[in-house]
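Trainee: Spelled out, the chains give:
There are 2 protein chains.
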Amino acid sequence: MPLIVKVLDILSGKRAIILNKADALSLGIELHDRVKVVHENKTSTALVEITEDPKLVPNGQIGFYKEIATEMGALNGETTEISVAKIPSSVIYIRKKLKGKVLSTEEITSIVQDAVALNLSELETVAFLLAQEFYGMNMDEIEALTKGMLKTGKILELPGRVVDKHSIGGVPGNKVSLLIVPIIASTGLYIPKTSSRAITSPSGTTDTMSVLANVQFSIDEFKTMVMKVGGAIVWGGSLNLAPADDIFIRVEQPLKIDPRSQMLASIMSKKAAEGISYLVLDLPTGKGAKVETMEQANSLATDFIELGRRLGITVKCGITYGGQPIGRAVGPALEAIEALKALEHPDEASKSLVGKSTALAGLLLEITGYARRGEGAGVAMDILKSGKAEKKFREIIDAQGGDPQIKPEEIQVGKYTYQFTTETDGYVTLVDNDIIKNIARAAGAPIEKGSGIVIHAKQGYKVEKGQVLMEIYAERSTKLQEAIAICNNIRPIVVENMLLSTVPEY
Amino acid sequence: MPLIVKVLDILSGKRAIILNKADALSLGIELHDRVKVVHENKTSTALVEITEDPKLVPNGQIGFYKEIATEMGALNGETTEISVAKIPSSVIYIRKKLKGKVLSTEEITSIVQDAVALNLSELETVAFLLAQEFYGMNMDEIEALTKGMLKTGKILELPGRVVDKHSIGGVPGNKVSLLIVPIIASTGLYIPKTSSRAITSPSGTTDTMSVLANVQFSIDEFKTMVMKVGGAIVWGGSLNLAPADDIFIRVEQPLKIDPRSQMLASIMSKKAAEGISYLVLDLPTGKGAKVETMEQANSLATDFIELGRRLGITVKCGITYGGQPIGRAVGPALEAIEALKALEHPDEASKSLVGKSTALAGLLLEITGYARRGEGAGVAMDILKSGKAEKKFREIIDAQGGDPQIKPEEIQVGKYTYQFTTETDGYVTLVDNDIIKNIARAAGAPIEKGSGIVIHAKQGYKVEKGQVLMEIYAERSTKLQEAIAICNNIRPIVVENMLLSTVPEY
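Here the protein sequences line up with chains A and B, keeping their order. First residue of the first sequence: 299, per this note's numbering; consecutive thereafter. First residue of the second sequence: 299, per this note's numbering; consecutive thereafter.
So here's chain A without its partners, still in its complex pose (with noise of 0.2 Å):
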């Protein structure tokens, strides 16, 4: 049955067409169907949607979204045929998947073909991520999975040793990456930095790195910039790293699921994408993070471990106290401010921010060879203090096209504040990090630059009635407002006497 064609102008993000309910009846196919397209020489399947609305799609038509057009160079009033395709191999393996089943890696890699193709709908995909969550899988499964994500993207190659730090995340106030990366740059190993914007938390390294300079480059851009200046600090996004990543997460995200072997395969994709043979991985745990025991930090860690074993990485993971944010500073700018202030002047900086930075470029060092075991954190600290990581991070600015002379009271941050202070005296007994971040987004971060907190008082100072625990920074009235709001409902921190209670009660 032959069907006009009429484009519609709509990037679906995903291949597919819509069909008039009438004809979709007489030719048997339903929704979420395939079908084979033929037009003129080319051959493709899409997926099917099917309207009632005669405007759209009217009797005798079919609607390419622009996904579809493009790729048949199809026009408005041209002819084409349809049929039932066949179900592509990759969904009858995720339904093998389903059902709790071993996947070979030729079915994975299957999988991940298709849905970088944009051939499997976003039910099939959601369905295979659901799988992973509820039956896991096991480390060859992971090890096709990564491998697959690795082969449908691009790959950075860089001469010379290149390294690389990732985070699993969770912990709000996280710059540590703009303190390590000019430390591993100025010894002269490459560290191609990449990484997302924030996803849950107030501000993500891109975030926080684009109140300096651009992050968005090619993956040429990025090389050049890597072989100038030691290292770089970019969005991973626009690189096409790895790109099954966006397509899992896009349906990850609205189910807040983030199952334990996708999360090993799309970091490890992503930085085996950057070319790298050594990595530091940093596992925050702790109450309120992604890994809250020692025991569950111990067993991913080896899994990371195993994993770059196979694809030839050397991982080595730092388990870090992720209880309470990193240093004092949350949201895009107010960080930045934090880490070149740091970078400046560590001594004056915050313990637990150079703290950090210092163990995990010093783990770097030592798994490359460029410091012995045990003096790492060291030689990364002399490194803060010479100076030499600053003038880097500057170089760095420069390269992505920021200004290298930023002084941090020059950055903006949000003009509308809060106080938030304490009523009683005592100690801080909790930094709450969730609140914390949910204060933040309040207040508008990331998206607002200039919003987001920064805190007096963290666990264990002592503290007096009246004193100020926090501040809130915001771009607009309203969402100062709104942060407050939520601040005066639950405190995001809590002091309290040192003596709990009395027995008996008096």
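There's no promise every hint is true.
Any copy will do: because identical chains look the same in the list, a pair fits if it lies in one copy or spans two.
To be verified - No farther apart than 16 Å at their CA atoms in a straight line, the calculated lysine to aspartate or glutamate pairs in the EDC-like style are these:
#1 399 / 379
#2 319 / 350
#3 554 / 331
#4 449 / 404
#5 353 / 307
#6 384 / 780
Derived from the structure by calculation, the hints contain no laboratory data.
Model the placement of chain B on the given structure of chain A, informed by the hints.
Mentor: Positioned in the frame of chain A, the structure of chain B alone reads:
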């Protein structure tokens, strides 16, 4: 931020809006987020889709799919405000079920309500079903799911004793309802039979009945017909009984999942919505059927009976042989002919068809007290042989707007036919349900009503070389060729010598 409404003439099946990517970015809104939409004095929530195409939705505008435009009464050019909406609690409950937790009645009710109100995305809906597939549900959860599905739809109210028969399906040629409904209706019991169109089979009861009469009615018309002639055989789809089912089926289909808890709730909510007090449930069991072993069938029966008890319905399960087709005909017109002939001349009809029909009808007569225990099938057979069932069936056809005088030979079948013969003498050792279904569908059933199969030799039959095993009917020669191709590729009917092999080999 005020946005200008652009009404998109697209029925999307969901409550969704489309934002331009730049606007979404500056609002901090992502794909699949939910927004609160305020338009004049109306407020609603909608799911967010994002376009990069300024022709579809330009900067500063908001695309309203038809559903939300209608609901809000919004017109092109009007102004609307949106803001990020809270996630509905139903989504929180779905995530809870994804973690393997047991849900409360209130939580399940809220999920069903939001599904029916189109407040859930397809991803969220399928996650709910996959969580059921993986973790199952206890009987309290299943009861809540069933009652939730019942409450969100219409309910048929009839005076007197209302009964029904239902099959969990999976066996081709299962036209028994066309015999059972008139047998039961002729006793004075009400039997308001609703069924779906074929999903994976070559003909559902609705498809077969549609050859003889109309099947699409409003709930009031349905009630009037049942009160007039005692029974009716209609399509459930237009009655709005338990409409949540359609929403769930739409996401189950592409993944070929059918979680047991959802199957129980779907069937029982539809049946409870018919207002019945007695139900006979057919559980076809055997290789290639939905239930493969007696143990599984007994366990499923126990659940149906318990769920029925909680809904005030007396359920009796008949475990029937489902290892090969029922009767000889497969496909809407061919099945209608076979059913009509069986009503006219039960002695000449296929024993499996008449036997199964009277057995299940007999169970209904027994549980309602119309027949004594052990005598139901005999009473049903008497009704069939007396001609009362045929007379009643013709009254039902008449009430449903068909020709009550119709003769079997007047029913049109496909004019393209092919006879599949045996190449050896021997015994029929296998009639494969799945292959039979595939061939009949390839021939055009159920869309092309005259297409299908007539089987001439069933399991255990002795056949001679050259004897016709089955005939294929098709309305189009291309479809016939497709069906023949499958047939030649995988034999649907296997003939073997009694002597299968010798030991030693010769």
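Trainee: Hint numbers the structure violates, sorted upward?
Mentor: The structure conflicts with hint 1 only, although it agrees with all the remaining ones.
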